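Student: Model the full structure from these sequences, guided by the hints.
Each chain is listed here by its residues.
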Amino acid sequence: MSGQSKIIYSYHRRKTYQNRGIIAALAGALVLAALISLSVGYSSLTFADVIRIITGSGSDNEILVLFSFRLPRIVLSIMVGMGLSAAGCLLQGVTGNALADTGILGINAGAGLTVVLYVLFFGTGSMLAVFTLPVAALTGALGAALLIYLLIRKKTGVISPFSIIMTGIAVQAGLSALMTLLVVKLDDTQYAFVSSWQVGSIWGANWHFVLALMPWLCILLAVIMSKVRVLDVLVLGKETATALGVKIQNEQKNLLFFAVALAGTCVSVSGSISFVGLMAPHIARRLVGPRHHVMLPVCIMTGALLVLVSDTIARVIIQPSSLPTGVVVSIIGAPYLIYLLTAQQKYHERN
Amino acid sequence: MKIRQKKSLVPLNLIVTAGLAVLIVMMCFSITQGAADIPLKTVREAFLSFDSADSYHLMIIDLRLPRVLTSAFVGAALGVAGAIMQGITRNPMADSGILGINSGAGFAVALYFAFMPNLGYGGLIFCAFIGAAFGALLVFGITAAKRGNDTSMRLVLAGAAVSALLTALSQGIGLSFQVGVDVLFWTVGGVANAAWKQLSIIAPVITAALIGGILLGPSVSILNMGEDVAKGLGLKTGAVQGLCTVCVLALAGTSVAAVGAVAFVGLIIPHVSRFLVGVDYQKMIPASAVLGAILLVLADLGARVVSPPFEVPLGVITALIGVPFFLHLSRNERSGR
Chain A
1141 MSGQSKIIYS YHRRKTYQNR GIIAALAGAL VLAALISLSV GYSSLTFADV IRIITGSGSD
1201 NEILVLFSFR LPRIVLSIMV GMGLSAAGCL LQGVTGNALA DTGILGINAG AGLTVVLYVL
1261 FFGTGSMLAV FTLPVAALTG ALGAALLIYL LIRKKTGVIS PFSIIMTGIA VQAGLSALMT
1321 LLVVKLDDTQ YAFVSSWQVG SIWGANWHFV LALMPWLCIL LAVIMSKVRV LDVLVLGKET
1381 ATALGVKIQN EQKNLLFFAV ALAGTCVSVS GSISFVGLMA PHIARRLVGP RHHVMLPVCI
1441 MTGALLVLVS DTIARVIIQP SSLPTGVVVS IIGAPYLIYL LTAQQKYHER N
Chain B
105 MKIRQKKSLV PLNLIVTAGL AVLIVMMCFS ITQGAADIPL KTVREAFLSF DSADSYHLMI
165 IDLRLPRVLT SAFVGAALGV AGAIMQGITR NPMADSGILG INSGAGFAVA LYFAFMPNLG
225 YGGLIFCAFI GAAFGALLVF GITAAKRGND TSMRLVLAGA AVSALLTALS QGIGLSFQVG
285 VDVLFWTVGG VANAAWKQLS IIAPVITAAL IGGILLGPSV SILNMGEDVA KGLGLKTGAV
345 QGLCTVCVLA LAGTSVAAVG AVAFVGLIIP HVSRFLVGVD YQKMIPASAV LGAILLVLAD
405 LGARVVSPPF EVPLGVITAL IGVPFFLHLS RNERSGR
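Chains as they are written, first to last, in the numbering used here: chain A, 1141 to 1491; chain B, 105 to 441.
No lab work stands behind these hints, which were simulated from the structure alone. Treat each hint with caution, since some may be false.
Quick look at which bits of chain A chain B covers, simulated, 3 or more residues with Cβ under 8 Å [unchecked claim]:
id, segment
1, 1230-1240
2, 1303-1314
3, 1325-1338
4, 1407-1420
5, 1464-1475
Example chain A residues on the side facing chain B (calculated, C-beta under 7 Å, incomplete) [claimed, not checked]:
id, residue
6, Ala1317
7, Thr1320
8, Leu1321
9, Ile1478
10, Leu1481
11, Thr1482
Remember, predicted model here, so these are calculated numbers, not experimental data. For glycine and all other residues, C-beta sits at the position ideal for the given N, C-alpha and C.
Tutor: So, in structure tokens, the structure goes:
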């Protein structure tokens, strides 16, 4: 027995080191990606330039480019990646479904519908759009989530994950249909705008958005990190979770609310980069296993890294206009997930 | 997925007979409706004593009849394809789209509009089918690339990843070559271009695959209990999954090629039939076929009569009819439990 427990102990210790290594590697990659992202773009700077400007000896022009245009966009893409991947992780945990992402809360479809309406009525040209469009998107996202909540609400008892998914699918499908009905009425320019919004692009980034988003994101992420044990237990199923003393009903509601809040605020500035929420949790699970206290941070960092790298590539690849970030996210992320599916054995060993 | 141990609400025979009756009545009604209203008497005459000089007769035989038949076939095909996918992946969010069929076809169609828009309608259908087959092969190849136990889980994930990739690529192509709107119009679907020539290709394929799907029903039921249980019961899970995939590809691939990626039918119809006849796939698959056909004929009718002479996209109507009905069913189901 003692031999066996020793093996298990050393296995756990090895895993702990390995997981710390993965987290450190991700953090390093994130910093590196941010620096590279600062240096590339329409007006190219060298790496040394970036360091020089950061340390305080750049020309006004360089400071403007770096701190007013690039840095907010980078910070925003990191924040959006964090928020969406955390929301995806919560939803996959609560519903127990591998295909769950922010789409099933109707957030993408709801936000999409109001954005199309906005474009139909006010056009895309006005400068006001930078500030009013996120508000419109947020309203749509929260409206759809509220609609789903009203439909699945029950006076007593636990909401079954099955009914969350079913109602979510139905509401999402209905809203998307309404959206399609309107989209076919748009002209080419409007359509290009709406479709790049739908795919997700971090546009109109400035410090105001960063400041508006930052407090929410920090509070919500901190709260979620305190719920990792609950998430671990919820994954085991309703009966087990109840037996272990989790008040499922409350926890479920809270977690769903956090997911809505996170995804809603992120979607309002980034459009629906929904694939991050679907994929980051799977990548994290395959890297460090299903325990949320490691998985969630890894998931959040993976999401941030993915969106940051994608946004950088999107900015650089077709200058001076840019490809929607969401397209690049899928083009980079999907092959990586496929690689993990075919190559790695870890996920199966751990389950 | 939760398996409800419950007797079926409605007997299968009733669903199939009543469903077929409703389907035939609706198809006849649908033929009379449209930009030009044709009385039922003329329809009967066109069938019994066809007169090639009568423009109404020509319209009925050459335009409306193939259109109605195409919607019925495609509806049945999408319903069954969705049911089989939900069965073998054990995931209520799965439909034929998860096999990469819709996104593969969409990708091929985007390429078609961007690089070779002169090939005509036949070329478009051909591209869409090749794309659908490519998407499905990719997903199935990735799933089969490694031996292991959780095939259904890998299928779902590989499907999601491949779909996302191909969709992103077609969106990228759409935006860079300014063909996004064309792709969108194809994606939302429509049976306006249905003709006998096309129907003569898809009808035999879909009929054969439908029969195949119904025969596979019992095996899908067993597979739906989980792969380990299915193996324990002596089912050749790999073979069944392979056959099911071929079946779904034939059903959904031809449908997508013929009418575009009509979303939602394959997702919702299996749930509706599950509410009605229970979880046994032997019953669910025929029920899905009938209900799918009804939904699509109804949707096509709606698409034509809502604002003539313009047509509302088919996918929009299926969702607008299907969603409230589905929500109603799922609410009743929960309060009844």
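Student: Hint by hint, which ones does the structure fall short of?
Tutor: Of the numbered hints, all hold.
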